[in-house]
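There are 2 protein chains.
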Amino acid sequence: MANTVHVALGERSYDILIGDGLLSGELTRLSAKLKLGRRCAIITDSTVRPLYGATVRDALAGAGLQASLLTVPAGENSKSLKVSGELYEHLATAQLSRRSFIVALGGGVVGDLAGFIAATYLRGVDFVQAPTTLLAMVDSSVGGKVAINLPQGKNLVGAFYQPRLVLADLALLRSLPEREFRSGMAEVIKYGVIYDAKLFELLEQRLDALMAKDMAQLAPVIARCCEIKADVVSQDERESGLRAILNFGHTVGHAIEAVAGYGGYLHGEAVAIGMLAAARLSQKRGGLGAADVARIESLLRRAGFDLTLPAVPFAKIIAPMRVDKKAVEGKLRFVLARRIGEVFVTDAVTEADIEETWNVSRR
Amino acid sequence: MANTVHVALGERSYDILIGDGLLSGELTRLSAKLKLGRRCAIITDSTVRPLYGATVRDALAGAGLQASLLTVPAGENSKSLKVSGELYEHLATAQLSRRSFIVALGGGVVGDLAGFIAATYLRGVDFVQAPTTLLAMVDSSVGGKVAINLPQGKNLVGAFYQPRLVLADLALLRSLPEREFRSGMAEVIKYGVIYDAKLFELLEQRLDALMAKDMAQLAPVIARCCEIKADVVSQDERESGLRAILNFGHTVGHAIEAVAGYGGYLHGEAVAIGMLAAARLSQKRGGLGAADVARIESLLRRAGFDLTLPAVPFAKIIAPMRVDKKAVEGKLRFVLARRIGEVFVTDAVTEADIEETWNVSRR
Chain S
0 MANTVHVALG ERSYDILIGD GLLSGELTRL SAKLKLGRRC AIITDSTVRP LYGATVRDAL
60 AGAGLQASLL TVPAGENSKS LKVSGELYEH LATAQLSRRS FIVALGGGVV GDLAGFIAAT
120 YLRGVDFVQA PTTLLAMVDS SVGGKVAINL PQGKNLVGAF YQPRLVLADL ALLRSLPERE
180 FRSGMAEVIK YGVIYDAKLF ELLEQRLDAL MAKDMAQLAP VIARCCEIKA DVVSQDERES
240 GLRAILNFGH TVGHAIEAVA GYGGYLHGEA VAIGMLAAAR LSQKRGGLGA ADVARIESLL
300 RRAGFDLTLP AVPFAKIIAP MRVDKKAVEG KLRFVLARRI GEVFVTDAVT EADIEETWNV
360 SRR
Chain Y
0 MANTVHVALG ERSYDILIGD GLLSGELTRL SAKLKLGRRC AIITDSTVRP LYGATVRDAL
60 AGAGLQASLL TVPAGENSKS LKVSGELYEH LATAQLSRRS FIVALGGGVV GDLAGFIAAT
120 YLRGVDFVQA PTTLLAMVDS SVGGKVAINL PQGKNLVGAF YQPRLVLADL ALLRSLPERE
180 FRSGMAEVIK YGVIYDAKLF ELLEQRLDAL MAKDMAQLAP VIARCCEIKA DVVSQDERES
240 GLRAILNFGH TVGHAIEAVA GYGGYLHGEA VAIGMLAAAR LSQKRGGLGA ADVARIESLL
300 RRAGFDLTLP AVPFAKIIAP MRVDKKAVEG KLRFVLARRI GEVFVTDAVT EADIEETWNV
360 SRR
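Protein chains in written order, with numbering that gives the first Met the number 0: chain S, 0 to 362; chain Y, 0 to 362.
It cannot be assumed that every hint is accurate.
Note: identical chains are not told apart, hence a pair may lie in one copy or across any two.
[Said to hold, decoys possible] Pairs of lysine-lysine, DSS-like flavour, derived with a Cα cap of 25 Å:
| no. | residue 1 | residue 2 |
| --- | --- | --- |
| 1 | K330 | K153 |
| 2 | K153 | K81 |
| 3 | K330 | K34 |
| 4 | K330 | K212 |
| 5 | K197 | K212 |
Derived by calculation from the structure, the hints in this document are not laboratory data.
Construct the complete structure from the given sequences, taking the supplied hints into account.
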């Protein structure tokens, strides 16, 4: 049995299915139902391929589809123009037509890359997100932001391009390393802070079962996160306003990732620290109570996050914030919490505020 | 004074302005009116840059905008991932933000390439088409098809991405070489055949003045072509049906370009031959009268097209048609004329039909 979340975007609407064991059965059933064509390419990475590549390919082949499996090296470096060029040439050589589709089988990197390829190959072909990490299930696979990197920065080339279907197969989480799983939990906690006080309370009550991957408990929580993201994206597909609230904790988080070099921190690990910083800034400039800051910090610690700030001077951490894609005319934009469950976007946070928070936190 | 054609695509609607001397004044006035931001990059090629690059940059700079001028080598080879990568890095290094815009100053190659960059840099920034050839004015700058090439074929990577504005400055046609101008005229004649018998008659009456670049005569003809294209695109933005009629003459035309190697024929020269082939196939399978075939052939010849078929065996010319993006499940799709001004899409044309036409035409 699967939970279904509908993403309402007019003719670009689609469903997210969340359930245990969806990939072998539901993918072929739904690709037929959605008339996705008889040929497809599964794009995956070197980590996921040995675990699930053959299963997915065989499931599609068993239903009579021509499915080729394309594997990129695991890691952020595959989100490049070079790897994109190799994938395009594979698709063209295999003569995949406009009626073909692409399956993104992997975490955020694969979803972003395969989504970008789907958005641009033959001016756009259908694609299905099959996220294999918790982070990708609750965040990157939903909402249509696809991108690759440039030497100058992450996600600088991309598109808003919606999948036709997202299949979040919880069975895949069983093989997910604990550290990766925890990284995803940072985004889960974020949804509680930005949108849903009840979800936050639920997480406080059930964190241990969730961290132990209790599927019965996880399913509704992941579905609720997808619902929140779908809700936000439906109101602001192209990120002109509301969608910015999804970046709570990310301004500082991205800066930490940037100074540490990608790979030093997992995304969720950097975002966890960023959320604590945002909570403290919210206390100073957003009206968030000290008790709520403490609840956020406590939940992050219980999830196992190391909230120690990286040992870099403030000047190094502020530099990437100044060139953030969301900065407007040189002003920093921050998402702050008014209370748990309600946030707002502001440019009232000064560099001095951040410096103070940064230095206090390091003591 | 400028003719204005509106392209009705909901929130993606835009105007095409056609007039003499628009580039210096109207570009800055309209970029302000459309709130296109204060920074932009003008993408042009090595042919156009010495003619108009400085004029456009100075006009924008004179209005207080920060405008950088990026030049790619003239020719189809610039529609590559490699050149795209160089352009992206220029934009990122110059820190062009989401509120910046791109001006495509050139012919079809520049419009396709710059449009693709605009569609994908930062997930899409505004762009303005400033076509410098007749072909680009009446065809490629209107309708939002942008793309680059792969080694496997033309336009295999791209997007449907509409400009915010198209400025067709007729003054630029004065410097356009006669052969390029004639190439554009093939598409002008095409619009008469596919959509507008009156336009076709007008072309028959005024061809000599048009070929002599009589601006007063050219302006309404170019405007009418844009209107027809806008009309077709409004009804079928993503090429799922009607838009295919724009490919009259292009199935054979593309095949001729492919076997001759790009550069052997100008696009319009290949399309002119393709239109004659399509007219003959229309007589066989579409009900087009012999008199109308003769009118089409005569108008093409009066415009100065060499309608001699390339000296290649049929087997070579049919191969690219079989892998055409529009071919469905291996069946050729052709646009045929019922009469001048009315066409339809069919898969009733067999390879034997094409071979017969090909061989008859070569005698």
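Hints violated by the structure (numbers, ascending)
Hint 4 alone not satisfied by this model.
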